[in-house]
Amino acid sequence: MSIRPTIDCVVHPWPGASEDIREFLPARWDGQPIPRIGRYFYPPSIPEWTPIGDDDTRPATSSPELLAESWDASIGTDGAILVPLTRGLIPEPDLGPAVCRATNEWLRAKWLDHPALRDRVAGAVRIDPEDAAAAVAELDRVAGDPRFVTVAVPLQGREPYGSRRYLPVWQKAAELGFTVTIVADGGCGINQFPTMAGYCDHYVEYNSLLPWTAAMVHLASFVGGGVFESIPGLRVVFLDGGADVVFPFMWRMDKPWRGVRYQVPWIEKHPTEYLVDHVRFCVQRAEGAALPAASLTSLATELTVYGSRFPHWDAITPEEASAGLDADAAENLLSGAADFYGGRFARWAAELSARPGLPVR
Amino acid sequence: MSAPAGPRVEHFDCGPLADLEDGGMTLVDGPDGSVGLFRRGDTVYALRNWCPHNGAPVCLGPVTGTNVTKGGHEVEHVRDGEILRCPWHKWEFELATGMSITQPVRKVHSYRVVIENDRVYLVIRRLRKRKNVDTTHD
Amino acid sequence: MTSTITQGPTEVRPHDSTDSNDSVPSRPLTIDCDVHPTPHDFDEFLSYVPEPWRSREAMAYSTRGEGTSYSYYVPGGSTRKEAIPNTGGPAASDPYLTAEQLLEGIGVDIAILLSLVARPVANPVHESALSEGSNRWLQERWLHGEFGDRYRGAIRVCADAPDRAVAEIARAHDASDRFNSVLVIPNVLRPLGHEPYMPIYEAAAERGLPVVMHLTRPAGMALGTPVGFPQHFVEVQPMYALLYATHLVSMVFNGVFERFPELRVVYVEGGIAWVPALMRRMDRNWEGLRSEVPWVKKPPSEYVAEQAFFTTQPIEEPLEGPAALMEAFAGAEHLLSRNILFSTDYPHWDADEPRWVLRQFPSEYHGAIRGGNARALYKL
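Chains as they are written, first to last, in our numbering: chain A, 1 to 361; chain B, 1001 to 1138; chain C, 2001 to 2380.
Quick caveat, the hints were computed from the structure, so don't treat them as lab data. The hints are all genuine.
Okay, the calculated beta carbon distance ranges per label pair:
1) A:S18 - B:R1106: 53 to 59 angstroms
2) B:E1021 - C:A2175: 47 to 53 angstroms
3) B:R1106 - A:D140: 42 to 48 angstroms
4) B:G1072 - A:A17: 45 to 51 angstroms
5) A:R164 - B:I1124: 50 to 56 angstroms
The structure displayed is predicted, hence computed values, not measured ones. Ideal Cβ positions, reconstructed from N, Cα and C, are used throughout, including at glycine.
Turn these sequences into a full structure, and let the hints guide you.
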């Protein structure tokens, strides 16, 4: 019986310097500043990103060599998806897509091809859904490169992602075999208020709210806009979590749906019935996944995939993520992502070599 | 000697057809509780005034059409006059059958109606009571 | 925590009571923590609003309509049809019909009245005036009208005018002790743990009045999410939970609960099943980030268990059945015995009744959820 490779669905590569992507930006943008990659609001009281070391506070993935050297200690899986951050919502037309394209080229040139990493990493294509035409064009542009296996869009969007103007983006992604992943992004351009009631005061509030509240709004919108009906092949993964609240939240959408159905007749079934075929969440330390006594419900566990979010301060290791799970469930969590992602991800995963003997608890 | 088994059919008299407003809804006290009679010309639909969801007085809700889509966002209004919407959580039921139009199907109890001599009757099927049944066991 | 469960007021008459002097009702007490009476017409309410706002509202009325404009309308209407009296007013505007349906029909012993007459407006002084008008109206027409002994009410205040809010709490509570809580409309532009709101909590806690949050969907005001505006009502109703989670997180991490240990906060109509998950999430984040909020002295989940309360309506009805709801409470069952409060949300379209709500819970929690928890909280 062959062992499936374990896969980390989200590792964030960092540039050594924020301006590193500049070399991949066309000359049109010479002399025009772009936001830095670090997130601006709510600096935490601890390092937000695990640093290289005491003498170098840059994030631990600030070069491919660093990631390769620390792989066994920091990542530990057979393979990983590199999801680079972009620079927040950028109001100037063309610049947002340009930053995404430059980020993709940087990833390709510096990371996906690196001899120490190329046999175990694949990349997420960054696109700017605010410009649907440009996003579609970017997907077409990179479609021939099998090392790009997923698509990543910012969690902090400008509108909920089920809104109609985003449909061409999701359609193209599904057509090309990309699962859409939604990731809490870096940078600072313009933004909606980060909470449902304006600006909170502290990072701990922000981190306790933004990842899942934003995810739930997008999810409600995907269902509310009939996106999973229009694009039956679309699959979405929320890389910053939400499995712990998805059923409590979506039960509240199930309940009114049967009655107000005629306002949204493109929703053909209970909202929760779309989840298993279309939505997954990366497990998070904050969701108690590491605590056997307070782990996710059985319904929620079915919707999880493993991703560390390394080098984020609350990255979750494979051991923490699978603590308390029986062997089958642990194997499914760490190695089963390809079953859901399908398409390009599955083809890449099939080529990954599993290293027997990697402890999976 | 025990009476024959099998359902017993009775007709529950709801009164003259002429008393029912054509196109409207009239509540009567049926054999198992309140029943809504919906007269549409010479046809009468009879639904138990009790929603299978949470027991609402479903017959008080509006009778309307509904909206469907043929995929995408193109919406068509259909089935005017055929859909009873519960006044509480607004679930949609077919007036003629009491069945919800969404899955899983839940049903408002609907009675067969017989109109004889211009009077409206509900057809009630009851299990016959069995008399003189020996209830001791060996 | 010592709980003082006092005897109920002598005017409460459970349905089956005989002339026994036994203080325990002959059937379990049902306390409804979310009911919305409305005035017969806008003029009835306006007569209680101080000037110059009364005239301003009357003038706007002719073009704007009744001060109840809102967004994300409920398709098909937001009230139960049978709650509309044939006296010409809107649902729950007739005390007799309301008593018949709510107190008799549904079997509520005591109802907490939350007046949402007049949607919030942007000017805090204007909003304070409308709030005062709402409180005066509620007091005269409902708390001290027919059946008044069966009702308690929340003192509505404007969070963004804390000084006026504090004054209004004093005025209203001194005027009637049937005001038993403070209503803060949570559609604001800073989460409610923010420093400027503190005097409101201080005043409420001093008087032993729980703070009640009940949202609304006011036209154009604070309807956004972290990712913009949703499109349909069916997306928005689940988001009440997100709004309350935001305020709960803010109150925990800004130390509101630590600072006012007697303060109790009730989150109304936001659901309950998300609470245990959020408690875990806050605890885990606090473990790693304590240095940012040193005034938070104990795990967030302890503050929630001690000081936060949540009403049941609209009760979650998982397709998988009540066991799925109970699984969401695994490890947090203590909330069911203390923090979960039954509510109808009468006269709204998705109002709940006790028999259906209690089906979602094991019978050992029925007495507490139906009325025991509210009785302890509101000292009824």
